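Just so you know, the sequences run in chain order Y and W. According to the working numbering, the stretch in the first sequence is residues 65 to 261, in order. According to the working numbering, the stretch in the second sequence is residues 65 to 261, in order.
What the hints contain is simulated information worked out from the structure, not anything from laboratory work. As the structure is a computational prediction, the values presented were derived from the model and not from experiment. In this text, a Cβ means the ideal position worked out from N, Cα and C, and glycines have one as well. Heads up, some of the hints might be wrong.
Covered stretches of chain W (chain Y as the covering partner; in silico rule of three or more C-beta atoms under 8 Å from a C-beta of chain Y) [what the hints assert, rightly or not]:
#1 130–136
#2 139–151
Not everything, but these chain Y residues come out facing chain W in the computed CB check (under 8 Å) [stated by the list, open to error]:
#3 E143
#4 P152
#5 R157
#6 L204
Between beta-carbon pairs, the in silico distance windows are [as the list claims (entries may be wrong)]:
#7 R107(W) with R185(Y): 24 to 34 Å
#8 Q210(W) with T108(Y): 19 to 29 Å
#9 A211(Y) with E143(W): 19 to 29 Å
#10 D218(Y) with L125(W): 16 to 26 Å
This is what each chain is made of:
2 protein chains.
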Amino acid sequence: MTAILTVYGDSASGNCLKIRYLCDYLGIAHNWIETSVLARATRTAEFLALNPAGQVPLVVLPDGRVLAQSGAILLFLGEGSPLVPADPYERARMLQFMFWEQYSHETAIAVRRFHKHLAGRADADIDPWLLTRGHAALALMEQHLQAHPFFPADRLTLADVALVAYTRLAPEGGFDLGPYPAIAGWIARVETELKIE
Amino acid sequence: MTAILTVYGDSASGNCLKIRYLCDYLGIAHNWIETSVLARATRTAEFLALNPAGQVPLVVLPDGRVLAQSGAILLFLGEGSPLVPADPYERARMLQFMFWEQYSHETAIAVRRFHKHLAGRADADIDPWLLTRGHAALALMEQHLQAHPFFPADRLTLADVALVAYTRLAPEGGFDLGPYPAIAGWIARVETELKIE
Chain Y
65 MTAILTVYGD
75 SASGNCLKIR
85 YLCDYLGIAH
95 NWIETSVLAR
105 ATRTAEFLAL
115 NPAGQVPLVV
125 LPDGRVLAQS
135 GAILLFLGEG
145 SPLVPADPYE
155 RARMLQFMFW
165 EQYSHETAIA
175 VRRFHKHLAG
185 RADADIDPWL
195 LTRGHAALAL
205 MEQHLQAHPF
215 FPADRLTLAD
225 VALVAYTRLA
235 PEGGFDLGPY
245 PAIAGWIARV
255 ETELKIE
Chain W
65 MTAILTVYGD
75 SASGNCLKIR
85 YLCDYLGIAH
95 NWIETSVLAR
105 ATRTAEFLAL
115 NPAGQVPLVV
125 LPDGRVLAQS
135 GAILLFLGEG
145 SPLVPADPYE
155 RARMLQFMFW
165 EQYSHETAIA
175 VRRFHKHLAG
185 RADADIDPWL
195 LTRGHAALAL
205 MEQHLQAHPF
215 FPADRLTLAD
225 VALVAYTRLA
235 PEGGFDLGPY
245 PAIAGWIARV
255 ETELKIE
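Kindly produce the complete structure, drawing on both the sequences and the hints.
Structure below.
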């Protein structure tokens, strides 16, 4: 039994890096157990006993209880920190962008990056709809960031941690960020705040 | 300016019905503005001015502020009610299932139901992977419900509200619920609690 948090994560996965970024930012000590999706380390009997959904990130608390889903983990670990607004509406808006990221952003940008960058598929073998949907997500972010420095508004929150992970990796998925200057500025701001290299 | 909550929703959408279920259960007065996705009512300039993402459900608070994403709306409206566990871990587990629903369940079961039931496509014209992924999601739910009466555990939470919406409509998507007796029992329990007819 370890006395600190255990994080099962794949360093190639933005969803997992979100948890690393947050732990590093808040100074949460943790053991990172590298768990490769491509190498099917999330499909072993051992891992499936911890998380039947076979997904990383997964955290195991010091008392042995487990928690899955990056959004839920971010909220569990981030609660009470300056990254979670106290105002109920601002808090809900942060959640809005976290749910939107998982539904409309990750499912296009992270999926195309997986096919192109990690699985090494040729562009012609990747569903073209992913590119369309990914650019639609980026355009929405650009529109928001032309009016606000962060998500949802004026200061860094868990929504920025959630959104930056795959947005900064979007070029690996074949998404040129050139047309999105406000996104580029925001990525730099968030990287500076989170000390991401 | 209305003095009560306005909900833009499509009665054919499980994501929107979640908000109706919660409002009815908690007695939250609201104006429901029927907003059809199929009829492209979410693509009008008027609607896009409210929600640039062009998605329902969308709520407009009495003071005019807007909030999107069913999960964020459920948490905003449900906070402080018996549907949100006070214990931080139980609360996080509820969130885990809400994020999982949007990422791994809705994207298969609701999408296949949309193609088959709402858009009227033939089975042969629907990506077969949706059926595979949907049944994988149902199998995970069945496994959970063999050990627990609700999501995440012993009593009704927002995760049940979120999960029941498309699970009870899964047969419209061509998902036979026969092999999932624990799901069938859970649907009946949640429908009774929420008074869904």
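May I ask which of the numbered hints given earlier this structure violates, with the numbers listed in increasing order? Per hint list: zero violations.
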